[in-house]
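Residue numbers (my numbering), protein chains in the order written: chain A, 1 to 159; chain B, 1 to 672.
Do not take every clue at face value.
Distance condition first, Cα-Cα at most 30 angstroms in a straight line; then the derived DSS-like pairs of lysine-lysine [unchecked claim]:
(1) K509/B with K433/B
(2) K578/B with K36/A
(3) K36/A with K604/B
(4) K36/A with K628/B
(5) K61/A with K595/B
(6) K36/A with K509/B
(7) K36/A with K595/B
(8) K362/B with K300/B
(9) K298/B with K103/B
(10) K454/B with K36/A
(11) K295/B with K95/B
(12) K431/B with K377/B
Read the hints as simulated data drawn from the structure, not as lab findings.
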Amino acid sequence: MKNNSNAYLTFALGEEKFAIRVDHVQEVVEFGQVTKVPNAPNYMLGIINLRGRVLPLLDTKLKLGLSATTVTQKSRIMILDIHSSDDKNFQIGAMVDFAREVIEIDANEIQDAPEFENLKTSAPVTGIVNNHGDITMIMDIGKVFSISDLTDIKTTTLN
Amino acid sequence: MLMDNNQKRFVEDALDLLNELDEGLLQLEANPQATAPLEQVFRTMHTIKGGANMFGFENIGELAHHLETLYDLVRQGNMQVSDGLISITLHAFDKVRDLLKEKDATKIANADELKDHLKMAIAFLKSAETESMKVAQASVQPISKKDQLATFFFRISPTVNMTIDGNHPLVFIIQDLEAVGTARTFCYKKSDGNIAHWDVYLSTTTAQAEIESYFLFVENECHVSCTMLLACDLFGSAEFKKFIEEFKDTPTDSGELIAFVQMIASNFNNQAATEDDLADAEPTRKKSYNDTFIKVSKRKIDDLLNWISELIILQAQLVNVTSSVNSPEITEVTEQLEHVTNSLRDTSLEIGLVPVETLVTKFKRLVRDLSKNLNKKVNFLSEGAETEMDKDVIELMTEPMIHIIRNCIDHGIETPEERRQAGKTEHGTVKLKAFNTSSYVNIVISDDGKGIDKDKVLAKAIEKGLVAPDAVLSEEETLSLIFHPGLSTASAISDVSGRGVGMDVVKQKINDLRGYVTIKSTQGKGTSIHIKLPLSRSIIEGLLVKVEETRYVVPLNVIDRIDRISYDELDRGNQVNKMVVVNEETLSVFSLRQKFHGETAVPKTTDIISVTVNGIRKGIAVDRIEGKMQTVMKPLGDAYQQQDFIAGSTILGDGSLALVLDPSRLFQLSDN
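Build out the structure end to end from the sequences listed, making use of the hints.
Here is the structure:
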């Protein structure tokens, strides 16, 4: 797996392009049925059935503090492997507007990322790269979907 | 220091061996003259010693060695089994068990705690050696002693005509006879089909006189001869078993039999005395399965079960798809596949099951220690110990069951004095009975003590404000109050029980496992607690319901009844009183629609599911009930830890998911 570490999967959130290391991505599936779990934060869309496995589905845009994803024909779910700090592995489905392709990015092509004020989660973008004219942001999914982040959320109160 | 694999394996094996050892020691205590438990105890200690020394736990090895020496003296007839001997052994190995559970090699190897036990064992040995001379001269004659394990030969000849399937009581008496030990019965018939006689070989600890008394009522209808062959379990000898099988068709010649037994008797003793041959001499335990066993890691079993759950789900989907394809061939194959899948599921669920027997040994110890502490005389009986349960469930249920048994002995069983005055035998009885019904395991723990004083329970509940003073409660409702937190009838708080915590925890644990508990008690006669647990933790029986487009599953075990009312009766807008009258009962209802979904496009009717959780009846309102189902429950995972009122999810036949509710946590949500 180590020699694949230059491979990135690119995807779109709205008009903007992102890329994540391909070894975090187990597969990309089409958007299907989702069952909402009550009393969960709005970015937690519910649970999905991935061939008999039950996985939580998150709205990547809402998680980043952007506007909610509208489901279209092109909407995709990235099945991600998240390694948390306490050595636990878990899988989630992350909803994106569009999943594009796997590209090779050489480490020295990546430039340092500027500060993004409109992103909620602290510094999820670790760098930017010019991918044939598309400005693509390299995302650290460990930071976007950290387990402590997902489990520490206080439940929304009932009215 | 972490343990290497060999050490880990030793610890695991040793923990098993320690359980066997406990069992053997308790048997030996009950039958001090019996050879089979003595041999078992000796052999088990020897194995522990060998393993401990080999894997670097010399301190355990040394302790086992000294204790083994003591039992060797017993074997040679130079010492008697005594309470003291059994006690120091039990306590010493308790310490070993505690140590092994630490799972830290350095800690185990350097533990000082064993030294005290070692000193005790050495001291015991010294005093025993001085005693041994006298004992040797007194020369124990164990043969006629009661409770001695012995092998008998019975010949029962009916003097009236009877057939094997006739209903003559003698046929049943013979079955009873077979049940008191290891038995082999041959039935010889006359030419007219009537029974000529039975030959029964039986090895048992039951006294000869007691066995003979079985035939008291049929004295006039049969002739019984009883010969004691040898004061040991002859079924442990392969030669003996082979020998008796030769008499399958022709009646045993008793002269030949006795000659043979004398011949193998010398063999048998020699063999048992040679340590190196121990494995060959392994006497049959009380249960000998004709199975071989392998140890498999829990992870592999879990993996297997996971794959099978997925297969079940795929199977359900396939059935769904097939129904839309009009092809008899596919339908047939699907049906066959369904059959195979179901069998596979049933078999695989059995893999993770272990017999309740593992608990029985633990409880015997508990009863022994506790009754000694409390100066009560208590017998512990178990029935159906071969009944199997999920290993995890057994582990989770151990503490609650220990608590129940403690209560039985502490509160239930009276002192010998009180029992005598009440016209009961001095020895009280605590009984554990396990059996299977459909997809449940049942455990009944009963005692023949003084029973629960219902008036006292009720008075206390009223005093604590749990029940209205004018409330009329059924017997069952009153008894179930003891599961209420903060209610304990022990007038004096003892070291054992009576702190008012416990029974509510017991109930909670059982609820968590989606089980039921009921209690029956007759004053002066005793109490019995019936625990019913689902066979598997992941297979759930529930009611599938729908609210808007979301499907939920309500576990069947808490449901009392279902009623359909009009939606207006449930949702009365801004009225202060939110209680709903269902079946002439006022219920506080949790409406899934109101709490979790919008109140737009409300249905005309709503179904109210009445459930009893923690002794309180409440309602859950849903749009529509879709039916009963049995399905595989999957956890939601770490991401939904906060939503603990959802116990998990389940995949329906069409591939969509339903949420399994945890009713008790659901109501906690509405309380806050």
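Report the numbers of all earlier hints that the structure fails to satisfy, in ascending order.
10
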